[in-house]
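**Q** My request is simple: use the sequences and hints to build the entire structure.
Protein chains: 2
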Amino acid sequence: MRSITYLLGAVVALGSGAVYTAASGQANDKAATDFGVKLPAGYRDWKVISVAHEAGKNNDLRAVLGNDVALKTYREGKLPFPDGTIIARLAWVYTSSEENNKVFGQDQSFVAGAPINVQFMVKDSKKYASTGGWGFAQFKDGKPDEKALLNTCFPCHVPAKAADYLFTHYAP
Amino acid sequence: MRSITYLLGAVVALGSGAVYTAASGQANDKAATDFGVKLPAGYRDWKVISVAHEAGKNNDLRAVLGNDVALKTYREGKLPFPDGTIIARLAWVYTSSEENNKVFGQDQSFVAGAPINVQFMVKDSKKYASTGGWGFAQFKDGKPDEKALLNTCFPCHVPAKAADYLFTHYAP
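Residue numbers (this note's numbering), protein chains in the order written: chain A, 12 to 183; chain B, 12 to 183.
Any given hint might turn out to be false.
[What the hints assert, rightly or not] Result set (DSBU-like, lysine-lysine): computed pairs, CA atoms no more than 30 Å apart in a straight line:
#1 B/K68 to B/K137
#2 B/K68 to A/K68
#3 A/K151 to B/K58
#4 A/K151 to B/K151
#5 A/K158 to A/K68
#6 B/K113 to A/K158
#7 A/K83 to B/K83
#8 B/K137 to B/K83
#9 A/K113 to B/K113
#10 A/K138 to A/K113
#11 B/K89 to A/K154
[Stated by the list, open to error] Counterexamples of contact, computed for chain A against chain B with all Cβ distances above 12 Å:
#12 G47
#13 A52
#14 D79
#15 K89
#16 G116
[Stated by the list, open to error] Partial list, computed: chain A residues near chain B (C-beta under 10 Å):
#17 A63
#18 Q119
#19 G143
#20 A171
#21 T179
No lab work stands behind these hints: they were computed from the structure.
Since the structure is predicted, the reported quantities are computational estimates derived from the model, not experimental observations.
Note that the Cβ used here is the ideal one computed from N, Cα and C, for glycine as well.
**A** What follows is the structure in C-alpha cells.
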C-alpha cells in the first residue's frame, strides 16, 4: 500500500516528475504512457492560475499556468473544461535566497532556482476518454521526459474528479 | 538598528505589505509615500517573471508578473528597465493543502490561499528620479492600501541597485 501511495503521490497536482521506479507492471505499459502531447507553443507566456510549494521529495516552487480557454473556464467556474484546454505546471528548485535574506535580516526567503521540468494536461474528451478526457505530458529542457511514468498521472488525479480532475484552484 | 532592519525587511523584494508601525518620522511623510500609481489595468493577465515563498511574518506565496516591456527586458537582460515598465507582486496566504497532502500521503503541499495584497513598481525615470526611477504602490481588494508605508520601499531596494533595484530574477 505504501508503494502505491508513493507512486500516486509522485504525480498529484501535476506532481513531482514521476521518475520513480514503477511498483507494478502497469507502469511499463508503453502504450498507456504515450499520450502523444507535443510541447505547446508559447506556454511560458500563459496566464497564472496559481502558485504552490511542494516540499518533501519534490522540493519545488511551481507556477500553474493555463491557455486562454483554461483561464476562462477557471474564472467562470463552469466545469468541465472544454476540449482544447491546456494546463501547464512549471517547477523550479526551491532555493533559499541569500540575497533577500540579508535584507530581511533572517532566513525567510525562498525563490525559484533551476528549472526542474514542465508538465501539461491537455483536454480532448474523445482522444483521452479513458483518462477523464485528459492527456498528460512531461518535458525537461524542452524535450519529452522519457523517464516520466505518465500512466500513473490519471489514477492520482481521480480524487479531484469533482473538479474535472484538477487539484489546482484559481488564485484571485 | 534592529528596528531599521525590520522596517527594511518589511518591503524587500516587493515585500510584506509594509503595514508595520514606522520606526521614524519619515514614515509619516504623506507626500513621500504617495507615488500616485493607479491600479494597472489587466495586471492579473500579465506574464510570470518568477514565484517565491516568504516565510516569517510574510507567510505568503507570491507571483511576480510583468507587463510586456518588463518581460522583454528581463528576457533580453538589458538594463535599465525602460520607462513604462511595470512589475506586479501578487501575494496569497501560504496555506497547507489538506486535499493534496492526502494524495501525497504526507504534509508537503502548500498552496495559495486568500489574497493578501498586490504591489507594483512602475518605472518613470523623470517622475520618480529620486527613487531610482521607480514608483511604488500597494493595493488591497483592488484599492490603494493606505496602511502601506511606501516611502520605506525604495531604501530597501537599494541593495539591488545593480539589477535596477529589482530583487526578482527571471525564472526560465
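**Q** Hint by hint, say whether it matches the structure.
**A** Against the structure, the hints come out as follows:
Using a Cα cut-off of 30 Å, the hinted pair B/K68 and B/K137 is violated, with the two alpha carbons roughly 34 Å apart. Distance hint between B/K68 and A/K68 is fulfilled; the C-alpha atoms sit about 26 Å from each other, no more than 30 Å. A hinted pair counts as satisfied when its Cα atoms are at most 30 Å apart, and A/K151 with B/K58 qualifies at roughly 21 Å. Straight-line distance between C-alpha atoms of A/K151 and B/K151 comes to about 37 Å, which puts the hinted pair past the 30 Å bound.
A hinted pair counts as satisfied when its Cα atoms are at most 30 Å apart, and A/K158 with A/K68 qualifies at roughly 16 Å. Between B/K113 and A/K158 the alpha-carbon distance is near 25 Å, which keeps this suggested pair within the 30 Å criterion. This hinted pair checks out: A/K83 and B/K83 have alpha carbons roughly 25 Å apart, not beyond 30 Å. Between B/K137 and B/K83, the direct Cα distance comes to roughly 21 Å. Compliance with the 30 Å bound is thereby established for this hinted pair.
Distance check on the hinted pair: A/K113 and B/K113 sit about 36 Å apart at the alpha-carbon level, beyond 30 Å; violated. Restraint check: the Cα-Cα separation between A/K138 and A/K113 comes to about 52 Å, which exceeds 30 Å; the hinted pair is violated. Under the criterion of a C-alpha separation no larger than 30 Å, the hint pairing B/K89 with A/K154 is consistent with the structure, at around 28 Å. In this structure A/G47 is separated from chain B by more than 12 Å, as the shortest Cβ-Cβ distance comes to about 26 Å.
For A/A52, the non-interface assignment is confirmed: its Cβ lies about 15 Å from the closest Cβ of chain B, beyond the 12 Å cut-off. Annotated as non-interface, A/D79 brings its C-beta within 12 Å of a C-beta of chain B; the closest such distance is 10 Å. The claim that A/K89 is not at the interface with chain B holds, since no C-beta of that chain comes within 12 Å of its own (minimum 19 Å). Some Cβ of chain B comes within 12 Å of the Cβ of A/G116; the nearest lies about 4 Å off, and the non-interface call is violated.
Hint status for A/A63 relative to chain B: holds, with the closest Cβ pair at about 5 Å, below 10 Å. With 10 Å as the threshold, the beta carbon of A/Q119 comes within range of chain B, its nearest partner Cβ sitting at about 4 Å, so the hint holds. For A/G143, the suggested interface contact is broken, since its CB lies about 15 Å from the closest CB of chain B, more than 10 Å. Because the closest C-beta pair between A/A171 and chain B is about 8 Å apart, less than 10 Å, the hint holds.
The restraint placing A/T179 at the interface with chain B holds, with a minimum CB-CB distance near 8 Å, inside the 10 Å limit.
The structure fails hints 1, 4, 9, 10, 14, 16 and 19 (numbered hints given earlier, in ascending order).
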